[in-house]
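J.: Residue strings, one per chain:
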Amino acid sequence: MTLLEQWVSLSTIIRKEIVRFTRIWVQTLLPPVITMTLYFVIFGKLIGSRIGQMDGFTYMEFVVPGLIMMSIITNSYGNVVSSFFSVKFQKSIEELLVSPTPNYIILLGYVLGGVARGLLVGVVVTLVSFFFTDLTIHNLPVTIGIVFLTSVVFALAGFFNALFAKTFDDISIIPTFVLTPLTYLGGVFYSISLLPDFWQGVSKLNPILYMVNAFRYGILGISDISIVSAFIGVMVFIVALTIICLYLLAHGTRLRS
Amino acid sequence: MTIALSIKALRKVYSNGFEALKNIDLEVAEGDFFALLGPNGAGKSTTISIICSLAIKSAGTIRIFGHDIDTDFSAAKKCIGIVPQEFNFNQFEKVRDIVINQGGYYGLPRALCEERTEKYLRKLGLWDKRQSPARSLSGGMKRRLMIARALIHEPKLLILDEPTAGVDIELRRSMWQFLQEINQQGTTIILTTHYLEEAESLCRNIGIIDKGEIVESTSIKKLLQRLDQEVLIFDLQEELYESPQLENFQSNLIDSHTLEIVVQKGRSLNAVFQCLNEKGIEVTSMRNKSNRLEELFISLVESSQE
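First to last, the sequence lines map onto chains A and B.
Just so we're on the same page, the working numbering is the position in the first sequence counted from 1, plus 18.
Just so we're on the same page, the working numbering is the position in the second sequence counted from 1, plus 112.
It should be emphasised that the hints constitute simulated quantities derived from the structure, not laboratory data.
Among the hints, a few may not be true.
Stated by the list, open to error - Simulated crosslink set (DSS-like; lysine-lysine; CA at most 25 angstroms straight-line):
hint, chain 1, residue 1, chain 2, residue 2
1, B, K254, B, K241
2, B, K254, B, K231
3, B, K323, B, K334
4, B, K206, B, K241
5, B, K241, A, K109
6, A, K106, B, K254
7, A, K109, B, K333
8, B, K254, B, K235
9, B, K241, B, K333
10, B, K377, B, K401
11, B, K206, B, K235
12, B, K120, A, K106
13, B, K323, B, K377
14, A, K109, B, K334
Keep in mind the model is a prediction, meaning the values are calculated, not measured.
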């Protein structure tokens with residue numbers, strides 16, 4: 019395929035993904051907005067007003083970046099895992115497999131589809147947060163960079179999960195038993211400086227902590243960890259997951275008999 | 113003569129050790145209308161899946177119009193259009209989007225995809241359904257949708273895996289007509305089918321596969337020439353109570369009004385009627401006992417199993 023043909027194929031996949039998640043917006047876009055609004059009301063307003071300040075900011079100001087990042091992570095992941103598993107389940111993935119579209123374009127198309135949903139939900143949740151707090155951006159490049167890269171990491175992880183999944187149960191195991199606990203323990207609701215040294219050390223093994231803190235740094239200018247290490251860690255995950263997914267695609271794992 | 117499909121020493125062994133294809137060789141010439149026949153589990157769909165990159169071969173080479181599917185996969189894939197046996201499109205997508213998107217996966221500009229989508233949906237009688245979700249189509253319409261989708265990049269080789277399975281007679285005939293039309297326009301067609309009548313009516317050449325081996329690959333004409341006898345069924349005017357003794361012909365009374373006669377190849381049918389006349393037997397109608405190709409198919413598959 020020429021570069022132009024590859025671009026056409028890539029844009030077809032992305033367009034199809036965007037059409038899919040916007041067509042079923044009641045299932046894809048509305049729930050995270052309602053959930054995050056409840057978080058803002060309960061944790062930010064009702065409970066947050068009794069917590070007082072965290073790292074020099076009101077609890078609402080502290081928790082908002084974490085909640086935005088949480089919605090981006092779950093939606094980037096959820097879009098790719100459900101969409102790719104669905105095409106695998108219905109066998110419509112064969113439309114792509116019989117075509118000359120290279121594997122890296124298939125992967126990139128689905129990942130960018132997931133990023134599109136993650137970012138769209140992130141923007142909507144950010145707009146909702148304006149009803150609860152004034153949000154200013156401390157460092158725009160860091161904010162945009164970490165949001166995009168985090169979204170890519172979890173879209174790749176969703177693709178990896180969908181490749182291996184055999185049943186619909188398999189696509190809910192990772193989000194339920196891995197993603198949700200890591201997100202909740204990833205500094206969304208608290209600063210790890212509140213934890214004893216041992217648990218601070220354990221928390222630093224959680225990759226989501228780095229992403230949430232880098233984003234919080236971009237918004238508020240505070241972080242529990244080094245921003246450089248956050249970016250390096252995210253890039254390592256992107257490279258590793260990309261290599262694994264391309265390897266699995268090249269070998270037709272769970273796609274070709 | 114250009115070779116549209118060349119398969120050499122193709123072998124497929126599944127992870128459970130089952131050998132689905134045993135070093136098969138097959139060639140299909142450009143412009144041919146080729147039937148790949150075989151009983152269930154013979155290896156037809158496995159062969160097609162490997163050609164279309166849906167299954168991974170264990171050994172062998174496949175070339176599509178000279179393009180190796182391993183080393184020149186992009187050019188090879190552009191030459192192939194596939195209509196699979198099972199519905200494999202997103203049931204929730206609109207008919208039009210399914211066809212347009214497929215063109216996009218082949219790198220065709222969107223305007224061209226839209227133009228061709230209209231052309232093929234109209235030809236296949238689906239234009240009125242273009243905005244409907246695929247799940248709302250009938251079985252026959254879904255099959256036609258898969259044909260339109262397979263043609264969007266105007267492939268030189270169209271492969272259809274049992275395209276008329278479960279399709280009513282009228283629709284089957286119209287699909288045959290459509291396939292003959294595109295074959296006449298230059299598209300090489302390979303089809304697998306269980307309907308031997310379909311293969312006999314449409315195809316010029318035939319490959320018979322059984323237990324992962326090609327047991328025959330020749331023209332239908334040559335294959336039919338091998339038949340050394342034909343069984344004819346005669347419906348009788350008057351009742352008969354026992355099988356008549358006919359000179360040089362073996363006969364068998366099926367029931368009091370139906371007589372079966374075996375006619376050796378080259379014998380004149382007039383001789384049969386003369387014998388019947390001599391015995392005072394009146395015939396109201398006559399037909400072949402079964403599809404001629406079916407008889408050959410069964411004998412070839414049976415001999416390969418011995």
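J.: Now tell me, hint by hint, if it's right for this structure.
T.: Okay, the hints, checked on the actual structure:
1. K254(B) - K241(B): holds (11 angstroms)
2. K254(B) - K231(B): Holds: K254(B) and K231(B) sit about 17 angstroms apart, inside 25 angstroms.
3. K323(B) - K334(B): Holds: K323(B) and K334(B) sit about 23 angstroms apart, inside 25 angstroms.
4. K206(B) - K241(B): Given that 25 angstroms is the threshold and the Cα spacing comes to 9 angstroms, the pair holds.
5. K241(B) - K109(A): Holds - the C-alpha atoms of K109(A) and K241(B) are around 22 angstroms apart, at most 25 angstroms.
6. K106(A) - K254(B): Roughly 19 angstroms separates the two Cα atoms, so the pair holds.
7. K109(A) - K333(B): violated (38 angstroms)
8. K254(B) - K235(B): Given that 25 angstroms is the threshold and the Cα spacing comes to 14 angstroms, the pair holds.
9. K241(B) - K333(B): violated (40 angstroms)
10. K377(B) - K401(B): Satisfied, since the Cα-Cα distance of roughly 15 angstroms is no more than 25 angstroms.
11. K206(B) - K235(B): holds (18 angstroms)
12. K120(B) - K106(A): violated (30 angstroms)
13. K323(B) - K377(B): violated (31 angstroms)
14. K109(A) - K334(B): violated (39 angstroms)
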